[in-house]
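Throw the hints in and build the complete structure from the sequences for me.
From first to last, the protein sequence lines stand for chains A and B. The first sequence begins at 7 in this note's numbering and counts up by one. The second sequence begins at 7 in this note's numbering and counts up by one.
Hints listed in this document are in silico derivations from the structure and should not be mistaken for laboratory results. Incorrect hints may have been included.
[To be verified] To list a few chain A residues with every Cβ distance to chain B over 12 Å, as calculated:
1) LYS69
2) ASP156
3) ALA161
4) ALA184
5) PRO185
6) PHE202
7) THR219
[To be verified] Partial list, derived from the structure: chain A residues whose beta carbon lies under 10 Å from chain B:
8) TRP89
9) PRO91
10) LYS149
[What the hints assert, rightly or not] Computed footprint of chain B on chain A, listed as stretches where at least three residues anywhere in the stretch have a Cβ under 8 Å from a Cβ of chain B:
11) 112-122
12) 141-148
All C-beta atoms, glycine included, are put in the ideal place defined by N, C-alpha and C.
2 protein chains.
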Amino acid sequence: MRAAVCSRTHAQHLQSSLTLRPIGFISTHKQVKFQALHQPAEDEPERNVLELLPEPGYQQALKDLAGFSRVWLLWWFHRNASWRPLVLPPRGPAQRRGVFATRSPHRPNPLGLTPVQLLGIEGRRLLLGPCDLVDGTPVFDIKPYIPAFDAFPDAGGGWTEEVEAALAGPPQFAVKFAPLAQSQAEWLLATWEVDFRPRLIELLAIDPTPHRTRRIRRRGDVLFTIGCGAWKAVFSVAGKVVTVLALEPGYPLRFLNNPDYEELPDREAQLACWARWPEQFR
Amino acid sequence: MRAAVCSRTHAQHLQSSLTLRPIGFISTHKQVKFQALHQPAEDEPERNVLELLPEPGYQQALKDLAGFSRVWLLWWFHRNASWRPLVLPPRGPAQRRGVFATRSPHRPNPLGLTPVQLLGIEGRRLLLGPCDLVDGTPVFDIKPYIPAFDAFPDAGGGWTEEVEAALAGPPQFAVKFAPLAQSQAEWLLATWEVDFRPRLIELLAIDPTPHRTRRIRRRGDVLFTIGCGAWKAVFSVAGKVVTVLALEPGYPLRFLNNPDYEELPDREAQLACWARWPEQFR
Chain A
7 MRAAVCSRTH
17 AQHLQSSLTL
27 RPIGFISTHK
37 QVKFQALHQP
47 AEDEPERNVL
57 ELLPEPGYQQ
67 ALKDLAGFSR
77 VWLLWWFHRN
87 ASWRPLVLPP
97 RGPAQRRGVF
107 ATRSPHRPNP
117 LGLTPVQLLG
127 IEGRRLLLGP
137 CDLVDGTPVF
147 DIKPYIPAFD
157 AFPDAGGGWT
167 EEVEAALAGP
177 PQFAVKFAPL
187 AQSQAEWLLA
197 TWEVDFRPRL
207 IELLAIDPTP
217 HRTRRIRRRG
227 DVLFTIGCGA
237 WKAVFSVAGK
247 VVTVLALEPG
257 YPLRFLNNPD
267 YEELPDREAQ
277 LACWARWPEQ
287 FR
Chain B
7 MRAAVCSRTH
17 AQHLQSSLTL
27 RPIGFISTHK
37 QVKFQALHQP
47 AEDEPERNVL
57 ELLPEPGYQQ
67 ALKDLAGFSR
77 VWLLWWFHRN
87 ASWRPLVLPP
97 RGPAQRRGVF
107 ATRSPHRPNP
117 LGLTPVQLLG
127 IEGRRLLLGP
137 CDLVDGTPVF
147 DIKPYIPAFD
157 AFPDAGGGWT
167 EEVEAALAGP
177 PQFAVKFAPL
187 AQSQAEWLLA
197 TWEVDFRPRL
207 IELLAIDPTP
217 HRTRRIRRRG
227 DVLFTIGCGA
237 WKAVFSVAGK
247 VVTVLALEPG
257 YPLRFLNNPD
267 YEELPDREAQ
277 LACWARWPEQ
287 FR
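Spelled out as structure tokens, the structure:
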């Protein structure tokens with residue numbers, strides 16, 4: 007069968023638009039973006055709630071949905087106001103990809119798509135499993151996940167397959183701790199029960215090159231930093247060896263001393279760290 | 007972990023809205039809705055084309071997409087202006103379901119979601135496999151189908167599983183042809199090479215009760231009609247036996263004789279049928 011040809015004019019196309027209003031908002035435990043894993047572990051006991059607005063008919067429209075074990079959420083990347091043709095995915099090498107080849111928020115139409123476990127329905131509230139939406143995300147639609155329509159386990163995953171294969175392979179870099187970093191890590195663990203070494207080593211062993219979403223940045227000519235939750239590490243790279251030189255609080259003193267920021271994670275430990283090793287590398 | 011609680015007010019929620027503009031339009035061979043099968047057979051040699059608008063960056067945004075064997079299309083149910091809490095699905099028993107438990111167009115936000123085979127990319131044009139979008143449907147977004155994120159073949163399919171199981175089982179009704187219907191079917195096949203008996207028998211054997219999207223309607227006290235493409239059949243039901251009494255052209259004479267409708271399918275055959283069996287049941 008021959009491919010059909012589109013006969014509309016560009017001007018006609020540009021006239022049409024559709025305005026969406028949220029049907030509800032999701033409540034999650036992820037207040038900030040770095041808490042939202044891109045692939046949340048489904049065996050986590052995480053519970054999220056999608057509460058529909060008290061609009062006429064919304065609760066009735068959930069009839070028959072409880073029989074499905076998963077739903078699709080179509081939602082609003084509401085923190086993104088612009089789009090980019092090429093984006094840097096959070097996983098894999100520091101290589102820009104076409105935005106339509108990614109799930110990035112920086113799309114011409116900022117629509118998100120997520121399949122999530124449906125654990126229960128109570129009135130207008132959907133009890134959901136782990137997902138990567140930040141707290142307060144507006145949701146536009148709920149559709150049943152129908153495996154006969156939606157599940158193609160053998161579909162080719164393009165560049166994501168190469169990235170997953172590389173991540174599953176042996177680490178590319180050896181990670182060593184210089185004496186200062188080693189003593190800081192021991193002090194953090196012994197005094198404050200803070201230990202981000204396993205995650206730090208995992209990230210640096212994959213690829214220590216600068217990467218925005220992996221929070222790896224250059225600092226001066228030979229040093230780099232990487233953010234790990236509320237903490238930072240300073241490191242250098244020689245060949246395939248990464249040397250962690252020092253650990254640092256992730257927040258500056260002016261934030262940590264501000265009473266408005268009392269809820270900052272590990273605030274006390276960060277203040278003590280600043281006091282003990284004042285600004286080693288700045 | 008305790009479920010989070012939503013603290014925003016209803017008034018705040020209703021203020022927010024998002025306006026979408028199509029990134030492109032799909033060209034398919036389906037000019038009308040009844041040609042768009044709800045589950046297109048993937049071994050069909052059907053080819054569809056999604057052509058992106060010549061906006062700056064759109065072509066570049068397709069970089070790296072060709073490696074994926076499937077894409078998600080997020081699109082506009084542009085022929086639907088209103089929504090309903092309960093809808094009648096095209097398959098299965100005549101039973102209304104909550105719209106969020108279906109893929110029906112009659113949603114608060116008229117967004118469609120379809121996974122489709124990606125066969126090639128030529129500039130701004132995506133060559134796609136079979137899909138259920140009608141010609142000219144506006145598309146809002148393209149996302150890669152990532153099996154590691156999207157494929158859950160063991161997910162529970164709710165009420166759709168019962169419907170599929172019933173459809174896969176033995177037929178519920180026996181379908182017989184009365185002498186007039188039999189001679190009409192033979193004449194249509196011999197003279198015009200028209201034969202919709204297999205599809206007609208299949209549909210009536212499943213369930214001959216009135217159903218909007220299956221185009222089964224009541225005609226008077228004891229008769230029913232069913233639409234099959236450009237044709238109709240008149241039938242009666244007694245217990246578990248359906249008797250097809252007559253076949254009829256699907257279009258009235260005033261349409262068939264109107265030169266504006268020259269492209270109607272089987273127009274000549276329908277005119278001949280009207281001439282030979284003028285309005286038997288009206």
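Here's how the hints hold up against the structure:
1. LYS69: violated, 3 Å
2. ASP156: violated, 6 Å
3. ALA161: violated, 5 Å
4. ALA184: holds, 37 Å
5. PRO185: Its Cβ never comes within 12 Å of chain B, the nearest being 39 Å, so this holds.
6. PHE202: Nearest chain B Cβ is 21 Å from PHE202 (chain A), so the label holds.
7. THR219: THR219 (chain A) is indeed farther than 12 Å from all Cβ atoms of chain B, at 17 Å.
8. TRP89: Since the shortest Cβ distance to chain B is 8 Å, the answer is holds.
9. PRO91: Holds, about 4 Å.
10. LYS149: For LYS149 (chain A), the interface hint holds, since the closest Cβ of chain B sits about 6 Å away, which is under 10 Å.
11. 112-122: holds (count 7)
12. 141-148: holds (count 6)
Of the hints listed earlier, those the structure fails to meet are numbers 1, 2, 3, in rising order.
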